[in-house]
Every structure is written in structure tokens, then in C-alpha cells.
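Turn these sequences into a full structure, and let the hints guide you.
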Amino acid sequence: MDEQKAALRRTIRAQMKALTPEERHESDEALFARFLSLPAVERADTLLLYCGMGAELDTLRLLPQLIARGKRLLLPRCANAPGIMDARVYDPSLPLVRHRYGMLEPGPDRPVVSPGEIDLVLVPGLAFDRRGYRLGQGGGYYDRYLPQTKAVTVALCRSCFLLDAVPREEHDAPVDLVLTEKETFGPAAL
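In the working numbering, the protein residues as written are 1 to 190.
Hints are computed from structural coordinates only; laboratory data are not their basis. There may be inaccurate statements among the hints.
[Stated by the list, open to error] If you anchor each label on the Cβ, the simulated ranges turn out as follows:
#	residue 1	residue 2	range
1	82	109	21 to 29 Å
2	33	54	34 to 42 Å
3	109	4	38 to 46 Å
4	114	140	34 to 42 Å
5	170	61	30 to 38 Å
6	169	11	34 to 42 Å
7	109	160	21 to 29 Å
8	61	39	20 to 28 Å
Beta carbons are placed, not taken as given, at the ideal position from N, Cα and C, and that holds for glycine.
Okay, structure coming up:
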């Protein structure tokens, strides 16, 4: 299973890099509009987002719009232990720091928020399937974190990375909603 996932990750990453900046921007715009119009986003007071990197979605563009709506925003910060992260309060007046893996995250001085306080989590992934299962980067951070929260889980997936089935293991749990540019999938969409 590990080799199957690793091979799929390599394929998806290559396909992501092959997208033009215009294709990525157009896709991001459609996905962000759909995300911002979700009733679950409107109801949520505290949201955990992530900072996309490389050819991933430019999720930083969502932050000002959500702040304007009065939302409390959190970003993940990876702990020193492998696969462990926590949720830290995002403050737009403070710079984000670059983790050794390349993603931006809040500084170590930012307050930690318990998983029970989070209403909605925007879950990253390289690819998803219609049932809400995801192919992550392989670090296991979200696999360990998500069971601690009762938050609604949402994923944004470019249509070209929506697969018939994502290889999964027993511990893998689906996200509630997978949004593509035009469709919604996952257990909560049924």
C-alpha cells in the first residue's frame, strides 16, 4: 500500500506542476467561491485552514475574506515530533514562518487552540475521491489530528485530481465534503 501511495503521489505532483499559472488561478477562483458560499463556512466561528505551497491551492488568498467576515482563523504548526501538529491563532499583523518542509505556519509564540473549539477544518490533499477519502502528502499530520476534533471537514479538489478511488488504509477517514470547481462529493453531500 505504501508503494502504491508513493507512486500515486509522484504522478499527482507531476500533474500539479504541469498546470499553467492561469489554470491554477482559474481553478482556485472557482474553488474559493464555492468554499466561501458553503453554509458550514457561514455557521463556523473558528476555522482551521492551511497554507498551500508550490502547485497546491493558494489558500492564503482566503484569509482576508474570512477575517472580513469576523471569523477566528487558525493555521497548523508542526511540532518537533513527526506527524504531530497543533492549531495556532492566525494574526495577519504577524509574519508566518517557513517550516523545514516548506509550508508557512504561525510562529511558536502564537496561542494554541484545542481541537474541540474548531468548527470547520479545510483539509489539504493531493487528490480525493467522491467518497471523501484523500491522498495526503504522507506525513500523517492530519490523520492524527482530525480524530481529535468534531469539526466539519472540507476539502478543495481540482477536478483533474478527483479520482475514482484513493488507496486507503483502515485508519483513513473521509472528509465530510469534497468541493471541485462545479460539484460536491463526500458523505455529507449525500
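List of violated hint numbers, smallest to largest: Per hint list: 2, 4, 6 and 7 violated.
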